[in-house]
Amino acid sequence: MSDFVYQLRDVTKEYNGRRVLQVDGLDIRPGEIFALVGPSGAGKSTMLRLLNFLEHPTTGRIHFREAEFNPSRPMPLKLRRRVTTVFQSPLLLNRSVGANVSYGLRLRGRRNSGRRVEAALKEVGLKHMARQRARTLSGGEAQRVALARAIVLQPDVLLLDEPTANLDPYNVGLIEDIVQALNRQRQTTVVLVTHNVFQAKRLAHRVALLLEGQIVEASDVEMFFESPRDPRTAAFVRGEMVY
Amino acid sequence: MFQAIQLIITRDPALFEIVALSLRVSSTALLFSTLVGVPLGAALGLSRFAGRRLVIALLYTGMGFPPVVIGLFVYLMLSRSGPLGSLNSPLIPALFTPGAMVVAQSIISFPLVGGFTMAAVMGVDPQLRQQVRSLGATPWQTTLAVLTEARVGVVVSIIAGFGSIISEVGAVMMVGGNIEGRTRVLTTAIVLETSKGNFDLAMAIGVILLGLAFLANVAMLSLQGRAFSNE
Ligand SMILES: Nc1ncnc2c1ncn2[C@@H]1O[C@H](COP(=O)(O)OP(=O)(O)OP(=O)(O)O)[C@@H](O)[C@H]1O
Ligand SMILES: [Mg+2]
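As given, the protein sequences belong to chains A and B, one line each in that order.
All residue numbers for the first sequence refer to this note's numbering, where the first residue is 1 and numbers rise by one.
All residue numbers for the second sequence refer to this note's numbering, where the first residue is 1 and numbers rise by one.
Simulated from the structure, these hints should not be mistaken for lab results.
Quick caveat: nothing in here was measured; it's all calculated off a predicted structure.
Errors might be hidden in some of the hints.
[As the list claims (entries may be wrong)] Straight-line alpha carbon distances no greater than 25 Å define the calculated SDA-like cross-link-like pairs of lysine to any residue that follow:
| # | chain 1 | residue 1 | chain 2 | residue 2 |
| --- | --- | --- | --- | --- |
| 1 | A | Lys-201 | A | Ala-165 |
| 2 | B | Lys-196 | B | Val-68 |
| 3 | A | Lys-201 | A | Leu-167 |
| 4 | A | Lys-78 | B | Ser-47 |
| 5 | A | Lys-78 | B | Leu-46 |
| 6 | A | Lys-122 | A | Arg-184 |
| 7 | A | Lys-127 | A | Arg-108 |
| 8 | A | Lys-127 | A | Ala-165 |
| 9 | A | Lys-127 | A | Leu-107 |
| 10 | A | Lys-78 | A | Pro-30 |
| 11 | A | Lys-78 | A | Thr-59 |
| 12 | A | Lys-201 | A | Val-172 |
| 13 | A | Lys-78 | B | Gln-141 |
| 14 | A | Lys-78 | A | Ser-45 |
| 15 | A | Lys-78 | B | Thr-142 |
| 16 | A | Lys-127 | A | Ala-99 |
| 17 | A | Lys-78 | B | Pro-139 |
| 18 | A | Lys-122 | A | Leu-167 |
| 19 | A | Lys-122 | A | Gly-173 |
| 20 | A | Lys-201 | A | Ser-40 |
| 21 | A | Lys-122 | A | Gln-187 |
| 22 | A | Lys-78 | B | Thr-138 |
| 23 | A | Lys-78 | B | Trp-140 |
| 24 | B | Lys-196 | B | Val-19 |
| 25 | A | Lys-201 | A | Arg-184 |
| 26 | A | Lys-78 | B | Leu-144 |
| 27 | A | Lys-78 | B | Pro-126 |
| 28 | A | Lys-201 | A | Ile-178 |
| 29 | A | Lys-201 | A | Asp-27 |
| 30 | A | Lys-78 | B | Arg-129 |
| 31 | A | Lys-127 | A | Arg-95 |
| 32 | A | Lys-78 | B | Gln-127 |
| 33 | A | Lys-78 | B | Leu-128 |
| 34 | A | Lys-78 | B | Thr-143 |
| 35 | B | Lys-196 | B | Ile-179 |
| 36 | A | Lys-201 | A | Glu-240 |
| 37 | A | Lys-201 | A | Leu-26 |
| 38 | A | Lys-78 | B | Gln-130 |
Full structure from sequences and hints, please.
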């Protein structure tokens, strides 16, 4: 196995001529939980969209396993389907909970997905809710369905964009446990975007601070929190504003 | 009202033919305009391409275009000396046939289907599209997912298309000719009976038309209703 899942080289992303992301070099390793922290507007969600191949970078290249994703080359469907995102808001389809969870499997032509759907729902603690309409769920339930919909696909890489923002401590704990279990049992690589530094500390093996589109520091979790190299990291860890 | 209907049915069995032809022509036209309008609306709503604004402007114009003008246009195209009629192709219907009426009604209704479908599709959260792609959807599957999310509006677009043609009289009169037993439909029959002074018969046919339109819409609504519930 190679020593990276993603390798970013000179990646930039611009919207209407405004550069919102500039990553000179970054590797994401197989089986790690990689936390991306930073203030609002830093470019975290943009980074995840690139890592899920939903948008092309403006310049540079992203190596994913044996393939290269760049401004003009798309990612082959087969590899693209090894990655999935749980977004900041649950974005459920206006169907039943069960239909939402089985959706990705049906896209892949799997018909009899009943047992896997059931297992995924059980994992997020919503075993008996398969028939309920997704629109009628509470916020925490909806976010857990979004997570179930992703993990049922058994992806190699799971991208999480603030998966616990606006949730109560019970749901936060539940989701963190699921992500950790997934990472331990299936060696799923996780990229976790959060502006909660404590969550990063609890879950991540490595942490990167993103400020105004640039990675200030990326290091092992102990190093990041105990002896940060960059003063801006130190300030962010202490919870001070770093704009 | 029921008396009037009973009256017609016993007095004029040819009326069945008129009803059947009305439904056949309008549902065939609706099928064509759905097959064109829904993909067109989806494409306009979901993608950005050169000339998109122009196509949308044309579509909006088509949504409010006077049917008689479309009738005139189809008449000129299909008449024996017209650019299409002179080809003598078996694929091109002749004037004064149900085929010509289908052509006119398709042209009248597809801008409505397309325009309303576009609006419905644009109302779906663009982020949901990214979510669906992130779950592994191909571009086709993404479009299908968005149309499914917008299904209420898409059915409304088809209902609007149907409403525009089942009750239309000018164009079918021009290109169909209101020939008894061949191209007479409910609306042209009403015009004829009114001009002959048979107001009660005209009124009764009008009631039948209303009833049919209502039933057709109930049928389409049930389609929507099923879409609301679980799979
Ligand atoms: N599609 C787009 N078009 C134009 N600008 C965009 C687009 N998407 C993002 N941006 C801009 O890029 C910058 C980074 O946005 P992004 O959503 O990645 O931030 P973030 O770090 O996820 O913030 P938050 O923590 O608030 O979610 C912002 O200034 C945003 O306005
Ligand atoms: Mg964000």
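Enumerate the violated hints, using their earlier numbering and listing them in ascending order.
Hints that this structure does not satisfy do not exist here, as all of them hold.
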